[in-house]
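The hints should help you fit chain B onto chain A, whose structure is shown.
Listed here are the chains, written in short residue letters.
2 protein chains.
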Amino acid sequence: MASTGEASAHLLALDWGTSSLRGARINEQGQVLEERAFQRGILSVPAGGFAQVFEECFGDWVRAGARTCLISGMAGSKQGWAEAPYCACPAGFADVAAQLRWIQDPALTIRTAIVPGLSCELPCDLPGLNTLPDVMRGEEVQILGAMHLGGWRDGLCILPGTHSKWARIQDGRVTDFRTFMTGEWYALLSQQSLLARTVDAQAPFDPNAFALGLARARQGHNLLHNAFGARTLSLFARMEAGPLASYLSGLLIGEELRANDVQGARRITLIGSPSLTQRYALALATYGITAQAMGAEATWAGLHALRHHLPQSTPTTPTTPTA
Amino acid sequence: MASTGEASAHLLALDWGTSSLRGARINEQGQVLEERAFQRGILSVPAGGFAQVFEECFGDWVRAGARTCLISGMAGSKQGWAEAPYCACPAGFADVAAQLRWIQDPALTIRTAIVPGLSCELPCDLPGLNTLPDVMRGEEVQILGAMHLGGWRDGLCILPGTHSKWARIQDGRVTDFRTFMTGEWYALLSQQSLLARTVDAQAPFDPNAFALGLARARQGHNLLHNAFGARTLSLFARMEAGPLASYLSGLLIGEELRANDVQGARRITLIGSPSLTQRYALALATYGITAQAMGAEATWAGLHALRHHLPQSTPTTPTTPTA
Numbered sequence: 009m010a011s012t013g014e015a016s017a018h019l020l021a022l023d024w025g026t027s028s029l030r031g032a033r034i035n036e037q038g039q040v041l042e043e044r045a046f047q048r049g050i051l052s053v054p055a056g057g058f059a060q061v062f063e064e065c066f067g068d069w070v071r072a073g074a075r076t077c078l079i080s081g082m083a084g085s086k087q088g089w090a091e092a093p094y095c096a097c098p099a100g101f102a103d104v105a106a107q108l109r110w111i112q113d114p115a116l117t118i119r120t121a122i123v124p125g126l127s128c129e130l131p132c133d134l135p136g137l138n139t140l141p142d143v144m145r146g147e148e149v150q151i152l153g154a155m156h157l158g159g160w161r162d163g164l165c166i167l168p169g170t171h172s173k174w175a176r177i178q179d180g181r182v183t184d185f186r187t188f189m190t191g192e193w194y195a196l197l198s199q200q201s202l203l204a205r206t207v208d209a210q211a212p213f214d215p216n217a218f219a220l221g222l223a224r225a226r227q228g229h230n231l232l233h234n235a236f237g238a239r240t241l242s243l244f245a246r247m248e249a250g251p252l253a254s255y256l257s258g259l260l261i262g263e264e265l266r267a268n269d270v271q272g273a274r275r276i277t278l279i280g281s282p283s284l285t286q287r288y289a290l291a292l293a294t295y296g297i298t299a300q301a302m303g304a305e306a307t308w309a310g311l312h313a314l315r316h317h318l319p320q321s322t323p324t325t326p327t328t329p330t331a
Numbered sequence: 009m010a011s012t013g014e015a016s017a018h019l020l021a022l023d024w025g026t027s028s029l030r031g032a033r034i035n036e037q038g039q040v041l042e043e044r045a046f047q048r049g050i051l052s053v054p055a056g057g058f059a060q061v062f063e064e065c066f067g068d069w070v071r072a073g074a075r076t077c078l079i080s081g082m083a084g085s086k087q088g089w090a091e092a093p094y095c096a097c098p099a100g101f102a103d104v105a106a107q108l109r110w111i112q113d114p115a116l117t118i119r120t121a122i123v124p125g126l127s128c129e130l131p132c133d134l135p136g137l138n139t140l141p142d143v144m145r146g147e148e149v150q151i152l153g154a155m156h157l158g159g160w161r162d163g164l165c166i167l168p169g170t171h172s173k174w175a176r177i178q179d180g181r182v183t184d185f186r187t188f189m190t191g192e193w194y195a196l197l198s199q200q201s202l203l204a205r206t207v208d209a210q211a212p213f214d215p216n217a218f219a220l221g222l223a224r225a226r227q228g229h230n231l232l233h234n235a236f237g238a239r240t241l242s243l244f245a246r247m248e249a250g251p252l253a254s255y256l257s258g259l260l261i262g263e264e265l266r267a268n269d270v271q272g273a274r275r276i277t278l279i280g281s282p283s284l285t286q287r288y289a290l291a292l293a294t295y296g297i298t299a300q301a302m303g304a305e306a307t308w309a310g311l312h313a314l315r316h317h318l319p320q321s322t323p324t325t326p327t328t329p330t331a
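In the order they appear, the protein sequences are chains A and B.
Mind the numbering: the first sequence is residues 9 to 331 in our numbering, read in order.
Mind the numbering: the second sequence is residues 9 to 331 in our numbering, read in order.
Extracted from the complex, chain A is given alone in its bound form (with noise of 0.2 Å):
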């Protein structure tokens, strides 16, 4: 293998999802060179293929002599490539550095690694149950990520998505985070329950709609009866198929900033899809809340970033996770 030139200092930077599998081809300077997505995401690998689909997809890149591949996402999860146990909170670059997964596998030509996904125990006070945990496994590379490229230590991540989660970091490192499934629920409802015969969930994202939702949420109104609402505004017609979409995407992320203390926040970051990551701008405007928006170069900056506390070579053993 090339131990000098340009090409041997690329990184292949992989986000292998439950869905989805993205690469990125990033040289040292941190410039994503190229980037590519497939429709094979870790539950259209069948077990011991992983090794197969990473050579399909990305085995030129290899050969054109990139050194070192990082995945992140849920590779790492029982399911996927190989298991890596989660980091637990507080954990920064190096804390993820140190429980990397290195994969042992004699057909890969080039030294590759899964990044853990955090753990965090949040306090609870319930009889036998002091806290209860939280995990996440991709989003920790986007707020590393969102880090390095606003070059801060200390703020508030938002990942909306499926299972949107909310992470605090302080010193550089998240110190705990928590989930909220706002999105997967935002789904089930408007396509699973009795409101998928009035909402129309195709709809373009309608703003107004969106706002009555978020401040009816604000109100204090409890989700499990607001959720209805939007069945009998439709029985009404007080509101038609596509502006109810939009509303009860305003009760749901609406619902899921007043759980959080949105205002004593210092500097909220939000990482996600364009489309997520507008939605929730507006829902934090209603705070007075201006946010920062990124989305996919989060990814891309985190597995950079992380190459630079790397061991100089390959462990010859996975690495033992010590917490």
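Hints listed in this document are in silico derivations from the structure and should not be mistaken for laboratory results.
These numbers were taken from a predicted model, which means no experiment stands behind them.
Watch out, some of these pointers could steer you wrong.
Covered stretches of chain B, as calculated for chain A (at least 3 residues, CB under 8 Å) [to be verified]:
(1) 102 to 113
(2) 179 to 192
Just a few of them, taken from the derived set where beta-carbon distance is under 8 Å, the chain A residues facing chain B [as the list claims (entries may be wrong)]:
(3) Val40
(4) Leu41
(5) Glu43
(6) Leu140
(7) Gly169
(8) His171
(9) Thr187
(10) Thr190
(11) Leu196
(12) Gln200
(13) Leu202
(14) Thr206
(15) Gly237
(16) Glu264
Each residue gets a CB set at the ideal place from its N, CA and C atoms; glycine is no exception.
Below, chain B alone, put in the same frame as chain A:
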């Protein structure tokens, strides 16, 4: 048709819902002489086929001389036998009886009416929305039945189910009510969401896990977040699939209770299936509140009691709703 004799005074009481059809033959004293249940909910009846299903299921009771048939439930919805427009709150026996939807069908040899559901307008302080409507169909008869059986005219009725109803009653009339999608959410979360992998929705009820869920909800944490906790408790092997179902049920019912001023209520009646009213009774007990529970008898008592508010003869045209 017989106009005298004991059988002529029998009421044919039907609860015709979305997925099931139940019927009872009730004598003048309100005694249920016989009950039947069929999997012939309105969704299984082809357009124009209601009279035939009615004849197949209850024709012998009609020929035995029953004089009146009262039907509650979704048979009065747009998709039902004949639409019975909602009766607006406040509504008691007289209001509901005045808005019965009499069915004009030459094939019918018994005077037959559908009981309207109730609607109410809940205050709502949103631009362009001063009120939000709420609706019920079928539960109004159960509430009237509970009043009739209990001999009270002021109180709170909780009707757990797919869409739970909390109804306030003053001076013998339902003043307003609120719907909570608790039962439907439990089904979606335990069977369709990420949680379905690790929650055993068929497991027997676990009172300890249920109590933990109730306590967690009462501590004020957000349901969108708490539900994900049911996932991580499983991921970290801190709760098994069976108890997790009861924990999740406790989270949801606890959230429903938290949204209501249960401690301010004077008299609480729970109406529903024993397995559900048992859970709500346990939940109310954590607030130090005792509630009376009733089941199907409330439906039959409500339809029986409505009989005393009927006009003496069948209206020749359908009653026109005044609200």
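Results of checking the hints against the structure:
Given a C-beta distance limit of less than 8 Å, the hint that chain A covers the segment 102 to 113 of chain B is violated, as 0 residues qualify and 3 are needed. As drawn, the segment 179 to 192 of chain B meets chain A at 6 residues by the rule of a beta-carbon pair under 8 Å; at three or more, the given contact holds. Here the hint on A:Val40 is broken, as its CB sits about 31 Å from the closest CB of chain B, past 8 Å. The criterion of a C-beta within 8 Å of any C-beta in chain B is not met by A:Leu41, whose closest approach is roughly 35 Å, and the hint is violated.
For A:Glu43, the suggested interface contact is broken, since its CB lies about 28 Å from the closest CB of chain B, more than 8 Å. Checking A:Leu140 against chain B: minimum C-beta separation of about 5 Å stays under 8 Å; hint holds. With 8 Å as the threshold, the beta carbon of A:Gly169 stays out of range of chain B, its nearest partner Cβ sitting at about 12 Å, so the hint is violated. Given the 8 Å rule on beta carbons, the hint for A:His171 holds: about 6 Å separates it from the nearest Cβ of chain B.
For A:Thr187, the shortest C-beta to C-beta distance to chain B is roughly 4 Å, which falls under 8 Å, so the interface hint holds. With a cut of 8 Å, the hint placing A:Thr190 at the interface with chain B holds, because the nearest CB-to-CB distance is about 6 Å. The restraint placing A:Leu196 at the interface with chain B holds, with a minimum CB-CB distance near 5 Å, inside the 8 Å limit. With a cut of 8 Å, the hint placing A:Gln200 at the interface with chain B holds, because the nearest CB-to-CB distance is about 6 Å.
Evaluation of the A:Leu202 hint against chain B yields a held restraint, the C-beta minimum of about 6 Å falling below 8 Å. For A:Thr206, the interface hint is violated, the least distance from its beta-carbon to any beta-carbon of chain B being 12 Å, above 8 Å. Satisfaction of the interface hint for A:Gly237 is found here, the shortest Cβ-Cβ separation to chain B being roughly 5 Å, below the 8 Å cut-off. With its C-beta approaching chain B no nearer than about 6 Å, A:Glu264 sits inside the 8 Å limit, and its interface hint holds.
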